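Asks: Chain by chain, the residues:
Protein chains: 2
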Amino acid sequence: MEEKNSNRGKNVYGVLLAGGVGARMGNVEKPKQFMELGGKPILILALEKFVIHPGFDKILVLAPKQWIRYTQDIMDKHIPQRERAVVIEGGDTRNETIMNAIRYLERERLLDEDTVIVTHDSVRPFVTHRILQENIEAAQQYGACDTVIPATDTIVQSSSHAFVSDIPDRSVMYQGQTPQSFKAKKLKQVYDSLNSQEKEILTDACKIFVMKKEQVRLVQGEVYNIKITYPYDLKVAESLIAGC
Amino acid sequence: MEEKNSNRGKNVYGVLLAGGVGARMGNVEKPKQFMELGGKPILILALEKFVIHPGFDKILVLAPKQWIRYTQDIMDKHIPQRERAVVIEGGDTRNETIMNAIRYLERERLLDEDTVIVTHDSVRPFVTHRILQENIEAAQQYGACDTVIPATDTIVQSSSHAFVSDIPDRSVMYQGQTPQSFKAKKLKQVYDSLNSQEKEILTDACKIFVMKKEQVRLVQGEVYNIKITYPYDLKVAESLIAGC
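Protein chains in written order, with my numbering: chain A, 1 to 244; chain B, 1001 to 1244.
Mimicking BS3-like on lysine-lysine, the simulated pairs with C-alpha atoms at most 25 Å apart in a straight line are:
no., chain 1, residue 1, chain 2, residue 2
1, B, K1235, A, K40
2, B, K1049, A, K235
3, B, K1235, A, K227
4, A, K235, B, K1235
5, B, K1235, A, K49
6, A, K235, B, K1040
Selected chain B positions facing chain A (Cβ under 7 Å, derived; list incomplete):
no., residue
7, D1146
8, D1153
9, I1155
10, V1172
11, Y1232
Derived from the structure by calculation, the hints contain no laboratory data.
As the structure is a computational prediction, the values presented were derived from the model and not from experiment.
Backbone N, C-alpha and C fix where the C-beta goes; we use that ideal spot for every residue, glycine too.
Please take these sequences and the hints and turn them into a complete structure.
Replies: As structure tokens, this is what we get:
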């Protein structure tokens, strides 16, 4: 029986960004997306959220070249029906990694005007079905969206890194999470219009849209949709997964 | 024997802000500063950090009127030498609460040009000796300081609360924590110069200094110096305290 709310075949692709080498995690043997949480690699926990959501035609996992085989192996082990999930080589930067995903869709003749990609940090394993669903819908409707939560801390700006230069009004400040979702062709088009200096500065894909005066819709994230970057985060994540 | 690095008698006061009624914590019977963590009220854990630091002449605990007696009782129970810690009624706003602390110092003839107050959220129990020490020194040297950590998330600005208006360069963005420390007389002076509309907008004491073109030095906080605001934070805090 066909699922009622299924977006399957609707031209939507998950893009799991697993390109990091984990320099901030200290002296660990593996990039942080491969560290285990409750018995499973963090990347697998994030991937599962995409696999069980009916909205994706395919999920592209972008991994560093030397970790592609390893990523395939853990996916074989942990993801029962993994034919929708493929591993692709990431790029040197976050945006180049996203472009590799788009180029893959192009090569596979899967890219048209309405193709949506839902890009997500592989080290944010607590993303929810609702967040994914709202990303798909917002990207389809507005062309781009960013998952955010209202800033819980006061945001402080300092150009000198020594003295405060500004404390902007907190009520208009948000903390960015992922997914960030886009009409893929549009993203490629605006990215290709950047010069190399702009490409170096604009490390956030949503920022490219903002710079080019394109709309980016907000999608409400969750406080617990954390990014596992530091050992501290892993500790927090362990307490979260214990409570699941 | 006199401690070598003691600032005792140096005109430095701790100001623990415990005025909140905890509306964001959901349906709980007590304000969040009184909730227990590892067997002690959160406020007590924060207060202990001040009490064991030799740098403070006195620690002023600012509590809501109806919770003053309760605050005194838990301090009697948990803080062995509590003669340096006094409970004072808080004000209607964060800044009014700080002003109540300064007025107390004035009444007690403890306020002069060099008097420093180290103001701290009573719901940030993981503040450290180093952070307190650097606050004292920075406020003495520069007149004001703010405890911050580099923004871990991308910061997103949205005036419409629906679409992104800006994504500022993350490398100059910080997340504000506490303590915030000040030369108390200077703070009172700049606060008194505000009109009632400005007082309503400038809910952050450091922002008053910034607005008035006064220097505010950055002090490095800690990722784990979290503010316990939501039930999620309490869960994180429990995992942190278990690891202490």
